[in-house]
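There are 2 protein chains.
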Amino acid sequence: MSTPDSKSRITLIGAGTIGLSFAALHLTYLASPTQLTIIDTRPGLDEYVKTTLPKYLAPALHGLVPSIRLSGSLAEAVRDADIIQEQGPENLAFKAGTWREVVAHARPDALLWSSTSGITASSQAEAAGLDDGAAARLLVVHPYNPPHVMPLLEVVVGARTSAETVEKTVSFWRARQREPVVLKKECKGFVANRLAFALLREAVHLVNEGVVDVEDVDRIVETSMGPRWAVAGPFKSYHVGGGAGGLEGFFKNIGGTVQDCWQDAGQVNVGEEWEKKISRQAREGYGNVDVESRDRKTKAVLDAAKTA
Amino acid sequence: MSTPDSKSRITLIGAGTIGLSFAALHLTYLASPTQLTIIDTRPGLDEYVKTTLPKYLAPALHGLVPSIRLSGSLAEAVRDADIIQEQGPENLAFKAGTWREVVAHARPDALLWSSTSGITASSQAEAAGLDDGAAARLLVVHPYNPPHVMPLLEVVVGARTSAETVEKTVSFWRARQREPVVLKKECKGFVANRLAFALLREAVHLVNEGVVDVEDVDRIVETSMGPRWAVAGPFKSYHVGGGAGGLEGFFKNIGGTVQDCWQDAGQVNVGEEWEKKISRQAREGYGNVDVESRDRKTKAVLDAAKTA
Numbered sequence: 001m002s003t004p005d006s007k008s009r010i011t012l013i014g015a016g017t018i019g020l021s022f023a024a025l026h027l028t029y030l031a032s033p034t035q036l037t038i039i040d041t042r043p044g045l046d047e048y049v050k051t052t053l054p055k056y057l058a059p060a061l062h063g064l065v066p067s068i069r070l071s072g073s074l075a076e077a078v079r080d081a082d083i084i085q086e087q088g089p090e091n092l093a094f095k096a097g098t099w100r101e102v103v104a105h106a107r108p109d110a111l112l113w114s115s116t117s118g119i120t121a122s123s124q125a126e127a128a129g130l131d132d133g134a135a136a137r138l139l140v141v142h143p144y145n146p147p148h149v150m151p152l153l154e155v156v157v158g159a160r161t162s163a164e165t166v167e168k169t170v171s172f173w174r175a176r177q178r179e180p181v182v183l184k185k186e187c188k189g190f191v192a193n194r195l196a197f198a199l200l201r202e203a204v205h206l207v208n209e210g211v212v213d214v215e216d217v218d219r220i221v222e223t224s225m226g227p228r229w230a231v232a233g234p235f236k237s238y239h240v241g242g243g244a245g246g247l248e249g250f251f252k253n254i255g256g257t258v259q260d261c262w263q264d265a266g267q268v269n270v271g272e273e274w275e276k277k278i279s280r281q282a283r284e285g286y287g288n289v290d291v292e293s294r295d296r297k298t299k300a301v302l303d304a305a306k307t308a
Numbered sequence: 001m002s003t004p005d006s007k008s009r010i011t012l013i014g015a016g017t018i019g020l021s022f023a024a025l026h027l028t029y030l031a032s033p034t035q036l037t038i039i040d041t042r043p044g045l046d047e048y049v050k051t052t053l054p055k056y057l058a059p060a061l062h063g064l065v066p067s068i069r070l071s072g073s074l075a076e077a078v079r080d081a082d083i084i085q086e087q088g089p090e091n092l093a094f095k096a097g098t099w100r101e102v103v104a105h106a107r108p109d110a111l112l113w114s115s116t117s118g119i120t121a122s123s124q125a126e127a128a129g130l131d132d133g134a135a136a137r138l139l140v141v142h143p144y145n146p147p148h149v150m151p152l153l154e155v156v157v158g159a160r161t162s163a164e165t166v167e168k169t170v171s172f173w174r175a176r177q178r179e180p181v182v183l184k185k186e187c188k189g190f191v192a193n194r195l196a197f198a199l200l201r202e203a204v205h206l207v208n209e210g211v212v213d214v215e216d217v218d219r220i221v222e223t224s225m226g227p228r229w230a231v232a233g234p235f236k237s238y239h240v241g242g243g244a245g246g247l248e249g250f251f252k253n254i255g256g257t258v259q260d261c262w263q264d265a266g267q268v269n270v271g272e273e274w275e276k277k278i279s280r281q282a283r284e285g286y287g288n289v290d291v292e293s294r295d296r297k298t299k300a301v302l303d304a305a306k307t308a
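In the order they appear, the protein sequences are chains A and B. Using UniProt numbering, the letters of the first sequence correspond one by one to residues 1 to 308. Using UniProt numbering, the letters of the second sequence correspond one by one to residues 1 to 308.
Chain A on its own, in the form it takes in the complex (with noise of 0.2 angstroms):
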């Protein structure tokens, strides 16, 4: 297998929000951006491409764009690949004919990411049949959006992906500044979505109730553990609130308190009929928001975490 650097060649397949974020991150560190392309099958690709792409980038990069291979052919886009990403719809029957046919086009050492939210890579590589050597090159990379602003990386090894694998593909996102966390089991949703999906569920009941509203919900975050956690996750928070005693000290002390939230807690569910009061407080409060703006903002946040 090449060792995948700055001289890699990568294919995109899927040039969505996800995709051209990507593209951003990787022309950021290629040597020449004659290494990257994009294939997907939209009309107008090309202009849509230079148009959006720049939105992503530093002005200093917006001269690179117009050098990014285009493509609307799988073979010919991956043949020379040393990295193949897909960030295609999200259904297997998608994933499945994607990899069979990236495999019978690519080179045979090509590494095999997806960008999957959920479909674990031992589903892909079953579904499509792939043989042993193959199903080695597969995992998903699930990128925390937009990827390349956020430097989460799930990286999720299915059952037949090789250590090499995982081993190549932490070392290449580590290059770039990534943090590529390897999970130690597959799961449904991964961590990410997970715990912000854990989160995101009191906080509906809280509205629900009527404790607080939509906008309240935000403030409190953005003021409280939203910093916080920019700089120390919740564990190490915790072990530290725990004084001397570490996370033992702080369960000690107010783990009733936190029982008696766990059990208060609502269990709300997608569906029911806190759905349009939600939807209507965060369409009367936002509107729409600067993402411009936002991402800016986050990679000083960012920025703030590791150097202060």
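Incorrect hints may appear among the rest.
Label-pair restraints from in silico Cβ distances [claimed, not checked]:
no.: 1; chain 1: B; residue 1: 91; chain 2: A; residue 2: 269; range: 31 to 39 angstroms
no.: 2; chain 1: A; residue 1: 252; chain 2: B; residue 2: 159; range: 27 to 35 angstroms
no.: 3; chain 1: A; residue 1: 210; chain 2: B; residue 2: 252; range: 20 to 28 angstroms
no.: 4; chain 1: B; residue 1: 91; chain 2: A; residue 2: 266; range: 23 to 31 angstroms
no.: 5; chain 1: B; residue 1: 43; chain 2: A; residue 2: 244; range: 18 to 26 angstroms
no.: 6; chain 1: A; residue 1: 61; chain 2: B; residue 2: 284; range: 38 to 46 angstroms
no.: 7; chain 1: A; residue 1: 252; chain 2: B; residue 2: 43; range: 19 to 27 angstroms
no.: 8; chain 1: A; residue 1: 290; chain 2: B; residue 2: 79; range: 47 to 55 angstroms
no.: 9; chain 1: B; residue 1: 127; chain 2: A; residue 2: 166; range: 55 to 63 angstroms
Derived by calculation from the structure, the hints in this document are not laboratory data. Just so it is clear, CB atoms sit at the ideal spot from N, CA and C, and this is done for glycine as well.
Chain B: place on chain A using the hints.
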């Protein structure tokens, strides 16, 4: 009622971590350090405050510390105060006894703030047997620790708290660049902790299942939702994530995944076997965290989120 501004006389009951952190915050904004009184019955209060409080203060303010009034007598400490803020032990009997004595000696227009993380103002006023005039001035001002760093203050109003008290409290804190959020109802554990504990529960479940370890969870949060939520809270983020459809679009697109994760989430409880495993990982992984560095970074992140 006098207007609580930089001329306010403030008495802090209890000089633990939260008390001293509030002391640091007040010192930054008071016209004179002699307006601040700290009452605590611990032996060696003077020496303790002089050595500990400077850790919470910018070096330029260290010289203010010796001018703070220290007291061992509640009656004397509250006599002239415009604002009386308690951060004593978390039990109803202590709070009730304190307010009973405070009200007997304080001015009839003093604001009464409790820093409790869970004992409602209604139950404190009730247990103390406060008359309506005193109960009207009592409410919860729950900080996110440490309050000299974290902007959030959950203002939780009791059944008899007056609108005037709420207004004065909110404008006091806004003038100090804090973020007071008035809850619309008293509820168990208030909001910030409930949200954080909901995420904690899912984190514990995933560690317990062997999907990740304690440090993985923290790295994941620190490089994804932490910095994101420091800039835009969960509802605002998902409102953006839903594109033109807003929060409704988000639930339409991935509500199924959200619900699957909720369904799959384990309902761990405090006191079960996982506590040992998780406490050990925190102890071995983190040892003693450098809290000063954490707080410095948190401040930089808060600045970055506001100004970038």
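Hint by hint, here is what the structure shows:
In this structure the hint that residue 91 of chain B and residue 269 of chain A lie 31 to 39 angstroms apart at CB holds, the actual value being about 37 angstroms. Hint check: residue 252 of chain A to residue 159 of chain B, Cβ distance near 33 angstroms, so the stated range 27 to 35 angstroms holds. Taking 20 to 28 angstroms as the suggested C-beta distance range, the pair residue 210 of chain A and residue 252 of chain B conforms, at roughly 25 angstroms. Checking the proposed 23 to 31 angstroms range against residue 91 of chain B and residue 266 of chain A shows it holds: the Cβ atoms sit about 27 angstroms from each other.
For residue 43 of chain B and residue 244 of chain A, the Cβ-Cβ distance of about 20 angstroms falls inside the hinted range of 18 to 26 angstroms, so the restraint holds. Take residue 61 of chain A and residue 284 of chain B: their Cβ atoms lie about 42 angstroms apart, and the range 38 to 46 angstroms holds. The given range of 19 to 27 angstroms is respected by residue 252 of chain A and residue 43 of chain B, whose C-beta atoms sit roughly 25 angstroms from each other. Between residue 290 of chain A and residue 79 of chain B the Cβ separation comes to about 51 angstroms, which falls inside the hinted range of 47 to 55 angstroms.
One distance hint, 55 to 63 angstroms for the beta-carbon pair residue 127 of chain B and residue 166 of chain A, holds here, with the actual separation near 58 angstroms.
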